[in-house]
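Participant: Anchor point for the sequence shown: position 96 equals 218 in this note's numbering, and the numbering is continuous, going up by one each time.
Read the hints as simulated data drawn from the structure, not as lab findings. Heads up, the beta-carbon is just placed ideally off N, CA and C, and yes, glycines get one too. Be a bit skeptical, because a hint or two may be false.
What the hints assert, rightly or not - Cβ-Cβ distance ranges computed for the label pairs, FRET-style: (1) Glu131 to Gly166: 32 to 38 Å; (2) Ser142 to Gly218: 23 to 29 Å; (3) Thr268 to Ala210: 15 to 21 Å; (4) Leu267 to Glu232: 30 to 36 Å; (5) Pro143 to Val280: 20 to 26 Å; (6) Glu138 to Gly218: 19 to 25 Å; (7) Gly140 to Thr217: 21 to 27 Å; (8) Ala168 to Glu232: 34 to 40 Å; (9) Glu138 to Gly166: 36 to 42 Å; (10) Lys241 to Ala210: 28 to 34 Å; (11) Val195 to Ala163: 14 to 20 Å; (12) His233 to Glu160: 18 to 24 Å.
Said to hold, decoys possible - Restricting the straight-line Cα-Cα distance to at most 25 Å, the calculated cross-link-like pairs of lysine to any residue (SDA-like) are: (13) Lys191 to Tyr205; (14) Lys191 to Ser231; (15) Lys241 to Lys191; (16) Lys241 to Tyr254; (17) Lys153 to Lys191.
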Amino acid sequence: MTSEQPAQEVRDWLIENGWSPGRDIGEKAEKMVRARMEDSARQGFALVPVPPALQVIHAYGGLRLPHPKAPDVAWVMEPTVGYDGDAAAIAELATGLGVGLFPVGYEASEHGILLVDEKGRFFHLHHTGGYYLGNDEFDAFSRFLTLSSDPDAEDYFV
């Protein structure tokens, strides 16, 4: 997670949707992380939480962040939602990127998985492939609000 402050538009949107500066859901975040780790282990691909993902889950976990112009389009900050086989797909994307990845949520319209890497970058694992969402949470949120196009994650492979 970045130490920078969000742009005013992003800050206002986050606050409207239940976030506040210094928000930390504490033990709820730890329970979410443990549940996700248990599920990935069950799938045969143990996902290891990376510190920036843990920070994101603590700060935004449990929030539904709808796009202001399209409420059905939302990021749901719930890392436990996934599908059978997603741990293998996450591990494959992490290998390509050369960094650890951990789920922090999903996008509501098509249930693609939102991921954060060990550098704090956001990625989206969609049924059509992996996509880059932003350099940190504020960049990703800003790009979401402006409906910026999401480059292929392969552009970030090592």
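Participant: For the hint 32 to 38 Å, verify it against the beta carbon of Glu131 and that of Gly166.
Facilitator: About 42 Å separates the Cβ atoms of Glu131 and Gly166, which means 32 to 38 Å is violated.
Participant: Hinted pair, alpha-carbon criterion (25 Å max): Lys191, Ser231. Please report holds or violated.
Facilitator: holds (14 Å)
Participant: Mind checking the hinted window 30 to 36 Å against the Cβ distance between Leu267 and Glu232?
Facilitator: violated (19 Å)
Participant: Sort out whether Tyr254 lies within 25 Å of Lys241, counting only the CA atoms.
Facilitator: holds (13 Å)
Participant: Quick one, are Lys153 and Lys191 close enough, alpha carbons at most 25 Å?
Facilitator: violated (32 Å)
Participant: Does the Cβ pair Ser142, Gly218 satisfy 23 to 29 Å?
Facilitator: Check failed, 36 Å falls outside 23 to 29 Å.
Participant: Range hint 21 to 27 Å: satisfied by the CB atoms of Gly140 and Thr217?
Facilitator: This hint is violated: roughly 35 Å between Cβ atoms.
Participant: Taking the Cβ atom of Glu138 and the Cβ atom of Gly218, is their distance within the range 19 to 25 Å?
Facilitator: violated (36 Å)
Participant: Is 14 to 20 Å a correct range for the gap between the Cβ atoms of Val195 and Ala163?
Facilitator: Given range 14 to 20 Å: violated, Cβ gap about 32 Å.
Participant: Quickly compare the C-alpha distance for Lys191 and Tyr205 to 25 Å and report which way the hint goes.
Facilitator: Status violated; Cα separation ~28 Å.
Participant: Taking the CB of Glu138 and the CB of Gly166, does the distance hold inside 36 to 42 Å?
Facilitator: Given range 36 to 42 Å: holds, Cβ gap about 40 Å.
Participant: If I claimed the Cβ atoms of Thr268 and Ala210 lie 15 to 21 Å apart, would that claim hold in this structure?
Facilitator: Violated: the Cβ-Cβ distance is about 32 Å, outside 15 to 21 Å.
Checked against the numbered hints above, the structure violates hints 1, 2, 3, 4, 5, 6, 7, 8, 10, 11, 13, 15 and 17; every other hint is satisfied.
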